[in-house]
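Build out the structure end to end from the sequences listed, making use of the hints.
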Amino acid sequence: MRQYPKGSDKLKVTGTARGAEGMRAVMGSLRTPEDFGTAFKDLLDAAELTVPRILELQPPPVSRSTLYDWRNGDHLPETPGPLLKIVELCLERAARRGKPLGTAPGDVEGWRDLLAEAKQFRDSGVAGRTEEAAGAAPEEPRPSPTGPARSYGGLPNRVFDLVGRDQEIDDLLRTLRPDADGPPVALVTGMAGVGKSAMVTNAAYLALERGWFPGGALYIELSGYDTDGPVTGDQAVLTALRALGVSEPFEPTAAGRQAQYRARLGERGEATLIVLDNAASEDQVMPLVPGAGPHRVVVTSRNTLDNPRHATRIGLEVLGVAESVRALGLADRDPVHAERLAELCGRLPLALQIVAASIRFDPLRPPAELVAELADEHRRLDVLEYHDSQERGVRAVLAMSYRKLAGPHQRLLRLLSLVSGHQLGEQARRKGTSHVSLPAAAALAGEPPAEVRRSLVALTRGHLLEYVVWERSTHREYWHLHDLVLLYARELAPAFLEEDGALEAAARHRDHYLENEFVKDVTVQVISGDSELGHVEWREQLGDFVTVGDPGDASYAERGFVWDEEQQGWVSSTPFPLDVASRAVREAERSGDRHALGLAKAAYGAVWLRLGEADAAGQVLGQAAELLDEAGDRRAHERALVDLALALACDEQIEQARGVLDRVCPDDVRLLRDRVDELLADAEGHRAKGVLWMGFGQLLRVKGLSREAISPLNKAVVQFRASGFRDHEGLALGNLGWALRECSFFGEGERRLRQAREILTANGFPAQIRRLRLDAQ
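No gaps in the numbering here: position 293 of the sequence shown is 293 in the UniProt record's numbering, and each next residue is one more.
Rather than coming from a laboratory, the hints here were simulated on the basis of the structure.
Take these hints with a grain of salt, some might be off.
[To be verified] In silico DSS-like cross-links for lysine-lysine, where the CA-CA straight-line distance does not exceed 30 Å:
(1) 99 <-> 41
(2) 99 <-> 85
(3) 703 <-> 715
[As the list claims (entries may be wrong)] DEER-style ranges, computed between Cβ atoms:
(4) 406 <-> 491: 17 to 27 Å
(5) 673 <-> 174: 30 to 40 Å
(6) 306 <-> 234: 15 to 25 Å
(7) 254 <-> 336: 55 to 65 Å
(8) 306 <-> 677: 37 to 47 Å
(9) 392 <-> 232: 40 to 50 Å
(10) 332 <-> 177: 32 to 42 Å
(11) 392 <-> 322: 54 to 64 Å
(12) 68 <-> 764: 27 to 37 Å
(13) 630 <-> 673: 22 to 32 Å
(14) 51 <-> 80: 15 to 25 Å
(15) 750 <-> 377: 25 to 35 Å
(16) 322 <-> 758: 40 to 50 Å
Glycine included, each C-beta is placed from N, C-alpha and C at the ideal position.
Here it is in structure tokens:
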């Protein structure tokens, strides 16, 4: 039997014996927040429920962490509604099982009384005393000079149907804890409509309920993306001063008002939670960040702002499929169509909320009809609007983000919407998605890669593009358009076709993919509005790519294409080297000729090297070298070993490269020099040439020829800089710096190492910093 507080006489209370009157009779023993937690745990035990099980049976309007806090007595529900929904479920299950409720009330009204008494006890100022002191009459609460002990400070209403943000809420709460060691500012970012404000609002209520901010909350809407213009930092400070009870006149200057604001927070003494919603720039935020003290600041923004006060960053992504289905409320009713609806909404919380509202408004409408309506790409954004306000739809919130972009970034977003159907990576491309590499985006924009990368980064910071790293692909870096962003940008593009040079851009993009990035089983369409400008696909019968079109249309008769009447398409007359080499490997495997297979794999690996893909080259060349050694083909074996050594050096596997090179070039490097010249003659683009120059330079260093390595490593830096691959440029600069130091050029070597560290740090490549031993510099 549970031990009750003093004065309870160990009173047993069962589910059927306790009503509202019975509750009042024993409230002397059950009125603290700790007692509330004890009763709540008893209720869960009687119902044979755990917190995870409650979440499965009836997704409640509170988070997992809140339920645990209730159970542990860490804090009380601020309003009874969410609690009573769970109580009803538990009481029903406990009654079916005939289990005693221990300290728990046996009806809903009893729980209302228990909550009210516990809150009164908490707010009276008695909470936290010893049990002996708690029995005495409570003192009158003393008025605070800064207002009530807890003020919600204009916080928006709590979102009771928030789904799928438990982890993010827990991450944010860890940064808000009074004993947290981290920075006082948390920055919550994500694309428009992803639910930043809702998540932060719910977390703020939890933090206040736990008593972490006795100074209350201060909420300011910064309107960073509104058409009427954002709230300036100074305007926000004025709002804060009024909310903090400062009387006019205020200080005459902006700097004076900021000092007045910080002084007022200091006078209050008690920790205050400051929520700055919808910031578009750091200028709106910094005037409201307090100086020293126990206060915490939470900022929401669609932009990844320049780190205010080294803020802890929490990024919100779209929901998972299961969470999206829960948000729609169709998990039990129609799970198949629910998953399709979730995907058509892009799993974006705002879109899911709109569709869920439509389902609640018209519950008899079959979900299949809604799926069909949303499947129409031309109407989808029209459907994803609240009927009572177009300003609350997906199109409207994306328009706000778009308007914040500079002109070149807007143009690139519009152009990116014209291309569809290509996917990242030589190893795993699929139809129907929209990822783009830097070279492809540069071809599309008709601008230098460095300038285009700046636009791609700006779009990523604004959460209109997603940055993807695909280690096994040709280009490694890709950018992805969310489906709803893609549809919005497509709506914009037709009005700018001439201004953007869209037709020429589409042709450049098509040519780029024909020449550089196609692999088998890929279909690409280049579209402007409803007009298809180019359709390129793989034809198994030809073993080549075909540009499909009307033979009478001269725009398809590009150089290097001939019309194939049987295939009804423009066929490339210049085979794609990687595909030719891979077909040769397959033919050799089918023939069973191991010598031929070794030669084919050596050629295949050499093509990968010319493309700058050292990892893929190394895997194939290692197999080729073994096969050719087995066949006794000494000349081909030596060449394969040289290529393998280059691939390993390019991939920074220096010790392995040393071992391979010593087998074939023990005394001199003439064979290596000749082979590098051959590979460079056919290398594809700046990046590939940079990879070969860097591998050559590294092998010269391995052979003790650091002075001779300086020139190739310099050339590698130049090629990587032209390609826009900053990680490769930083790596080459680091290797060059060490080579210079090895030749006693210490000053120049240190300068290069410093440049390498700055580039790799600024662009977020910690692994390369460690690889170059720059973290100790």
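Against the structure, the hints:
no., hint, result
1, 99 <-> 41, "holds, 13 Å"
2, 99 <-> 85, "holds, 20 Å"
3, 703 <-> 715, "holds, 19 Å"
4, 406 <-> 491: 17 to 27 Å, "holds, 20 Å"
5, 673 <-> 174: 30 to 40 Å, "violated, 57 Å"
6, 306 <-> 234: 15 to 25 Å, "holds, 19 Å"
7, 254 <-> 336: 55 to 65 Å, "holds, 58 Å"
8, 306 <-> 677: 37 to 47 Å, "holds, 46 Å"
9, 392 <-> 232: 40 to 50 Å, "violated, 25 Å"
10, 332 <-> 177: 32 to 42 Å, "holds, 37 Å"
11, 392 <-> 322: 54 to 64 Å, "violated, 26 Å"
12, 68 <-> 764: 27 to 37 Å, "holds, 35 Å"
13, 630 <-> 673: 22 to 32 Å, "holds, 28 Å"
14, 51 <-> 80: 15 to 25 Å, "holds, 19 Å"
15, 750 <-> 377: 25 to 35 Å, "violated, 56 Å"
16, 322 <-> 758: 40 to 50 Å, "holds, 43 Å"
Of the hints listed earlier, those the structure fails to meet are numbers 5, 9, 11, 15, in rising order.
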